[in-house]
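Asks: Full structure from sequences and hints, please.
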Amino acid sequence: MVETTEKNNVTGTIEVKDVRKEFIDPNGETVVALDNVNVKINPGEFICLIGPSGCGKSTFLRLVAGLIKPTEGELFLDEKKIVKPGYDRGLVFQDPTLFPWLNIYENVAFGLKVRHVYNERKKDVKEFIKLVNLEGFEKALPHHLSGGMAQRAGLARALVNHPKVLLLDEPFGALDAFTRMNMQDELLRIWKERGTTMIMVTHDVDEAVYLSDRIFVMTPRPAKIESIIDVEIGRNENFGRKRDSVDFLRTRSKILQVLNFTGKELEEDYVI
Amino acid sequence: MKKDINQKKKKKFEVITIMPILSVLIAIILDIVIDNHPDLRDVDNNFYRGFLYVSFGILIALAIITPFIKQLKEKYVFRCKFVAGVYVFLTLLNIITAKMLLLPQIYFPSLARIFFVFYDDRELLLNCIGSSFFLLIQGILIGFILGMICGIAVGWSKSSNYWVYPIIRILGPIPASTWTPLALVVFPTGKSAAVFLIAFGVWFQITVLTCSGIQGVKKVYFEVSSTLGATNRQNLFKIAVPAAAPSIFLGFFNATCSSFVALMAAEMIGCKSGLGWYINWQKQMLSYPNVYAGLIIVAIFCYVLVTLQFKIRDRLLSWQEGVVKW
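Protein sequence lines, in the order shown, are assigned to chains A and B. As numbered in the numbering used here, the first sequence has no gaps in its residue numbers, which increase by one up to the final residue, 272. As numbered in the numbering used here, the second sequence has no gaps in its residue numbers, which increase by one up to the final residue, 598.
The calculated lysine-lysine pairs, modelled on DSS-like cross-linking and capped at a C-alpha distance of 27 Å, are:
| id | chain 1 | residue 1 | chain 2 | residue 2 |
| --- | --- | --- | --- | --- |
| 1 | B | Lys510 | A | Lys69 |
| 2 | A | Lys84 | A | Lys224 |
| 3 | A | Lys84 | B | Lys490 |
| 4 | B | Lys510 | A | Lys123 |
| 5 | A | Lys81 | B | Lys491 |
| 6 | B | Lys430 | A | Lys69 |
| 7 | B | Lys491 | A | Lys69 |
| 8 | A | Lys139 | B | Lys491 |
Note that these hints are calculated values from the structure, not bench results.
Replies: So, in structure tokens, the structure goes:
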């Protein structure tokens, strides 16, 4: 039973209803980290959250992961209320956070082992290591890997549980530009292959336009979703977008406008 | 072709390995050439010279096999100067004590007499090593297990932290040997008292460093493992404990060192065997050659145990970058 629902991945709807999250800062004052969020994310959708620091992107991700609880409102995964972390929502951080005392194979196998399904699904470990192109590195320790490889291993570790939703917190933020572009394509490939719902936090406008179906543009003080932009640009053979197309630049400029980063001259440049 | 040259290079005789051989040779020659001081007692034993002969043989053998064994080559070639220095030091000692009698011989006996003790008292010494080792292992084992339990409890659970941590802070820093008077009264035998004293010191070190290790584990590890499906219990045993392992081992190292202190102190007071007891007893008998022999054995004893421990650590913590080498 469980096996089929996990594999098919037809599910993965996230619903966020009237969510507000407050923190108490070290001075004892209440800080609103996220306010008045109402969104629905469809199964298999690729969502990017973009915005400056302090706009509540990571808070949003953590709420969906169940690592923190909302002060007000509720979140649902496939109509089930999210109350705690679970393997149906995988998480990848900017810092790959592989467990340094385990080798790559053991890191990827960790999720299956703690869930006591490792014996039945051993071959999944190999399959996902292959999926992220890390064959031959099974025995390597995390500190032997380059940043990009470690991040791929982190991705495999999260994917091996067949999560319905994959949460990515600036996964490529620490990588150089070329590795980053490669990883974006790899992520898209995995996304297409597995049909996982993706929610990704990023600082990079180009990355957001390149990858996502919809972009949640967020602004700070008060932290909220300011605007939701549909990216209506056709995907190329890598499932990404042509980075120098007019539509790409238009969408990019639209986002920057929402974030108040475009001055007058810049805007004129984009009028074609 | 190039490989061939490399191989030839590898098998080449290491000139520096001659250095310790020369050093021993000088030690032997000086021991033979210079006469003992006329007032020196107990002249007719050759145990020091015998030791030098044996060393000579071993060093020659080492020099011959060194080019063929890669591991040995790296270590021994590096240590050659040190080994040579040791024999120079022994030679100086020999001259100061036996040959010139510059120091009162009752407190600073000749090397020959100290080496004689190893032979003469070998049965008792072996007995003492065994007895000390047994006490130490018992104490460390008990202390380690209790320390792990306390450390994990205090580092992981808030309520045990509240109740147990203050007690640890009050009791822990008291030097183990201070408990001796109480331990001798409470425990039926001197040995069990000694085990208690050793275990106490070990317990404290392990507790503190296990606790701080667990509290210092990066929060993201728990977050990641939770989203991978780990339960709270799994977070403790699969994340917190392995992540804290370097800290726990540091505690174990400190604990081993402090356990030697506790062992010696305990044996000098309550026991009728063991290395500490032996040294103390011989001191009271004013037979200093035996005291020195005992000290040398204690040094070797501790060195071996600490080295063993580092070997275990290196194996278990090989995932760490740049671990401290012993």
